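Asks: Residues per chain are reported as follows:
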Amino acid sequence: MKRRNLLATAAMGLMLASGAFAQGMDKVKACFVYVGPIGDGGWTFQHHDGAMQVKAAYGDKVEIQYQESVPEGADAERVLTQMALGGCNIIFTTSFGYMDATNAVAAKFPNVKFEHATGFKREHPNVSTYNARFYEGRAIQGHIAGKMTKTNKIGYIASFPIPEVIMGINSYYLHAKKVNPDVQLSVVWAFTWFDPAKEADSAKALIDQGVDVIAAHTDSTAPLAEAAKVEGVIGFGQASDMAAYKDGPRVTSIIDNWGPYYVKRVGALLDGTYEQIDAWEGIAGGEVLIGEITDKVPADVKAEAEAMRDAIAAGTYHPFTGPINKQDGSPWLAEGQTAPDGDLLGMNFYVEGITGEIPK
Amino acid sequence: MDFGGINPVILIATLMASAVPILLAALGETVVERAGVLNLGVEGMMIIGALGGFVVAVQTGSPVLGFLGGAVAGAALSLIFALLTQVFLANQVATGLALTLFGLGVSSLGGQGYNGIKPPPTGPLLPDALADLPVVGPILFGHDWVVYFSILMTAVLWWVLKATRVGLIIRAVGESHEAAHALGYKVNRIRLACIAFGGAMAGMGGAYVSLARVPQWVDGITAGAGWIALAIVVFASWKPWRVLIGAYLFGGITVLQLNLQVAGSAIPVEYLSMAPYLITILVLVIMSAGRKGKASGAPASLGQNFHASR
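As given, the protein sequences belong to chains A and B, one line each in that order. Here the numbering used here = 1-based position in the first sequence + 875. Note that the numbering used here gives residue 276 to position 290 of the second sequence, counting from 1, and the numbers run on in steps of one.
FYI, nobody ran anything at the bench for these hints, they're computed from the structure.
Think about it this way: if two alpha-carbon atoms lie no more than 35 Å apart in a straight line, the pair counts; the simulated DSBU-like pairs of lysine-lysine are:
{"hint": "1", "chain 1": "A", "residue 1": "K1121", "chain 2": "A", "residue 2": "K1177"}
{"hint": "2", "chain 1": "A", "residue 1": "K1171", "chain 2": "B", "residue 2": "K104"}
{"hint": "3", "chain 1": "A", "residue 1": "K1139", "chain 2": "A", "residue 2": "K1121"}
{"hint": "4", "chain 1": "A", "residue 1": "K1025", "chain 2": "A", "residue 2": "K1201"}
{"hint": "5", "chain 1": "B", "residue 1": "K104", "chain 2": "A", "residue 2": "K1025"}
{"hint": "6", "chain 1": "B", "residue 1": "K104", "chain 2": "A", "residue 2": "K1177"}
{"hint": "7", "chain 1": "A", "residue 1": "K1104", "chain 2": "A", "residue 2": "K1028"}
{"hint": "8", "chain 1": "A", "residue 1": "K1177", "chain 2": "A", "residue 2": "K1022"}
{"hint": "9", "chain 1": "A", "residue 1": "K930", "chain 2": "B", "residue 2": "K104"}
{"hint": "10", "chain 1": "B", "residue 1": "K104", "chain 2": "A", "residue 2": "K1121"}
{"hint": "11", "chain 1": "A", "residue 1": "K1121", "chain 2": "A", "residue 2": "K1104"}
{"hint": "12", "chain 1": "B", "residue 1": "K104", "chain 2": "A", "residue 2": "K1104"}
{"hint": "13", "chain 1": "A", "residue 1": "K1235", "chain 2": "A", "residue 2": "K996"}
{"hint": "14", "chain 1": "A", "residue 1": "K930", "chain 2": "A", "residue 2": "K902"}
{"hint": "15", "chain 1": "A", "residue 1": "K1139", "chain 2": "A", "residue 2": "K904"}
{"hint": "16", "chain 1": "A", "residue 1": "K1104", "chain 2": "A", "residue 2": "K1177"}
{"hint": "17", "chain 1": "A", "residue 1": "K930", "chain 2": "A", "residue 2": "K996"}
{"hint": "18", "chain 1": "A", "residue 1": "K1121", "chain 2": "A", "residue 2": "K1171"}
{"hint": "19", "chain 1": "A", "residue 1": "K1022", "chain 2": "B", "residue 2": "K104"}
{"hint": "20", "chain 1": "A", "residue 1": "K1139", "chain 2": "A", "residue 2": "K930"}
{"hint": "21", "chain 1": "A", "residue 1": "K936", "chain 2": "A", "residue 2": "K1139"}
{"hint": "22", "chain 1": "A", "residue 1": "K996", "chain 2": "A", "residue 2": "K904"}
{"hint": "23", "chain 1": "A", "residue 1": "K1121", "chain 2": "A", "residue 2": "K930"}
{"hint": "24", "chain 1": "A", "residue 1": "K1028", "chain 2": "B", "residue 2": "K104"}
With beta-carbon atoms standing in for the labels, derived distance ranges:
{"hint": "25", "chain 1": "A", "residue 1": "D975", "chain 2": "B", "residue 2": "L87", "range": "23 to 31 Å"}
{"hint": "26", "chain 1": "B", "residue 1": "I231", "chain 2": "A", "residue 2": "Q1212", "range": "55 to 63 Å"}
{"hint": "27", "chain 1": "A", "residue 1": "I1152", "chain 2": "B", "residue 2": "I272", "range": "55 to 63 Å"}
{"hint": "28", "chain 1": "A", "residue 1": "N1027", "chain 2": "B", "residue 2": "A76", "range": "58 to 66 Å"}
{"hint": "29", "chain 1": "B", "residue 1": "I253", "chain 2": "A", "residue 2": "T1196", "range": "34 to 42 Å"}
{"hint": "30", "chain 1": "B", "residue 1": "G47", "chain 2": "A", "residue 2": "E1167", "range": "22 to 30 Å"}
Treat the numbers as computed from the prediction; the structure is a model and nothing was measured. Heads up, the beta-carbon is just placed ideally off N, CA and C, and yes, glycines get one too.
So here's chain B without its partners, still in its complex pose (with noise of 0.2 Å):
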């Protein structure tokens, strides 16, 4: 069952693993911006995630604790980050992207000595007889366990944003800060709460560079991912499910166009490569476009600082 040289059940199976990092980073801006936050260091506590995530498995031998190392690390990050947005009340756009160039400078400092090591390895959660079945095998059995986690953390985000009163005080917050004040809430610490939410899984998902996909450290190592993150949660229009349709298309276009050069497909390398890119750019704008007139499904509140001076 080839088409052109390339398997389809392998091709699926590689581009959900491929997308764990970017799925897992675009879940948590999305609870950040339903809050009416704009973190733009997805990048950075991505970046701190992996170096976390790896300097703690080594330590410990524990994989598990690395990525819970790096979801920490990410957290601890992203606390900067709300501590200067919603206590001091600087400027979202701003100070996000210093912390994306703050967290790749610290993590460049923080991993001397810690190249060429090998952390220990995060394998498959399932036995091999399952993984083995046709089709179905590789797909469904034969990730490891942050895959599954990834597919989870979706469907708990979207149940609760969308059934919970925890969903509906976030979604408050974002949507008119105002009203969410006057109506009894802690604006910027519910914000606050939100944003170290989104640190965390930009963290694990900066750990799962590090410890599954490449597992080793060097510097630089998410290379942009984060970049890619924040704009799935556009092209999602905030919606979880779609945000792991994004990460999948994505990630699926990526492994994509390498299988395809290695099957000697004719169309020429430069448009390959830059097809991830210029399809989630076309996405993105038949997205904005569809919806005339009506609101994109940004969050009113989104970007904008709030004080309870009333």
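Next up, chain A with everything else stripped away, as it sits in the complex (with noise of 0.2 Å):
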């Protein structure tokens, strides 16, 4: 009896919703998943900051909802269904591993938006799918990485091998090769994206060889802890600011400003006018900012790494820009030209320089 009065007023529920759609809606629900605890001070930090600037901007017109720590598999289906039956309006699905549960789930909630972070797959029109290029964050680091190591080593903490990360890699090493031609680089697969103590541990395991520049593209601020151990060591916040280690390790930082997006994508709900899209903004979108670069960084370095944001923004430099070749030596970009969104949403290889193999 219970449970069928639950699905009856359920479905009352998404007939009402559907209804309202055209015409824009006076209430909407929000949902988030996310992948790890809102404490990580990193990547799920930054959606639930981007959810609660939904609340500020729209107050009682939003009601939010979230839950932490989803592992990526069936436990996030079940999740999802779960929200879409509890009157979620628009489910924010923010990481990569949801992909096929969030388009699963998709096609039997034909009224509820779906926004899945990070993914491609759009298999269903109530499926929208947004990223941020990191890559130009990425760009900026490896300038000054590429500056400001005295071991002409560098590290990265790699977590998956899938291509935000891979295209991460690229740009840090092409960029630090730019301006450094003696630099190698050093990539350790952690296989998680948050592990404090793996972090940490894999940080170690890159200044004990002798890195002294380490970029993260895991979740916590473990690594710059560790880095924060040994005098000369310098990192960079990950998708948050990590102003924690402002006096330490943390030189600038690569920030996910996800709130623009989810303002604009919660008020579109609101007003009648949301459309499904594939949207990638990076710095000149504003989704992603450069932290603020520290003192101990040199000031015609900082300069520099200022002036390549500036013109990044502008749309007059783009990280990936030719002649650049694969890891085995075939060309992949010309002269002059620049890397095509399919090329770098799919990509698979290192450039040439990067030693190793990416994981299969």
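Relying on the hints, combine the two individually framed chains into one complex.
Replies: Rendered as structure tokens:
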């Protein structure tokens, strides 16, 4: 009896919601699925910050619901189904691994809008994808890394071998190499988004082998905490500003600023202008912010880095501008050619000069 | 003196530090299991210790008090387990698993507001002059005090369990609680004390993660170390020195696989990543296959509740 009531209410809710789409809505329930805890100080923290910006922008007209530490896999599908049944109008799934679950659940709930972060599958009209051009920030980090390293060894703590991460590695390396031809890059694959102890161990392994500039693609602040233990090692804030390490190893950061996008999308749902999109904004769109460059960086390097940031923002410089060869020496981009988005989103190769192989 | 780009001296020094959390927790669990109690809540006690230690260290500014706080927090959580299993005679396996889930949840709740704070540093114990000696310096003299404490505890527990009256009583309770009861020992009280000790050790191990190894608080910081500690106790057939070897082996392979990656080893990353777990399983199999017919060294009353009905 109760179960039937629940389903009936849910169905009614959906019908009401669908009726309201065309002419906008009075109230939107926006739901968020997080891959880690809000307190990770990085990736999930920033998504939640975006959710809070939505709340601040629309007040009573929006209701926020979220669930933390949802595993990528079968659990995600359960959580999404529950959220859709629970009256969510728009659901943001904030990790690459939710891609298939998002599309599967979206098929069952055509009136609920789904927004999947960093993915590329939009199998149904109610699925949009959004991403940020993190590789633009990596270019700036690479420039600083190439200028600042004294051992000519730079490191990258990678999470999973997906295009987004490989893009970051390539961009980081290319720009370090450009200003320092002797630079060598070591990549450690941690195979986790969030495991502070393992991230710290990865950083330590890099430092033990003489690496003195560490970039991380994992979510916690552990690599910076590890770098702080050794004099002369620098690192970058990842996903969040990680300003607590400003006095220590953090020289700048890539900040994922999801707020404006979330506010825009929920707003579109409220006023009835919502459409399926594939958003990929970068520094220019304000989705990627470059955190304050500290005084540890010499003034001239800082000025160059800021000039590069501004050039990328203005659209006059693309971090992947030819000539660039693939790792095996075959040409990828010709002189002056910039990388098409399709190549970037499917990137599965290192550029020339990086040693080691990408795990399959 | 490099092998394939890896400096063995630094490797050994690093593995000694990275093994401390699992070593401490496994030593505590060894005593608990020697007394006949199977507490699967090690992971929960570790993470509560990690949070408790972090909070105390941040509030007081003293890392040493932090480790004490971690021990107290771990022991306090283990007392819930002791109450349920020793007084209410609840199933030990189920209660232990529940303790882990409970600990993870409580630590996540209690840790709100402690993100992004840096705890007071736990530095090396001995002067730099000693640590700068070639080869022996980094391995023997370059550590913080907890590393030495963990080795000391191994020796102390070995001695206590092997050669003292207290050790004999603990072992008697674990091997045959009926016999120990008949001799007049308060089985449940002795077990309670052992559980609290195990909780304190796990809590200290957890505090080492949040105060020294990662130095910060984040949710889920122990990331499964408690389960490894449980496996190492079996691996070590309930003997303290073998616990040390097991913890160093596991810590060593974990550190080695990361170093191999950095050094650009030709072995695919996936194999390196699974190596620590694979070798743990392999050694477990070899250890148990090596003693045909004989007991695996497990205390005879392990996991059985005792009630003094006669």
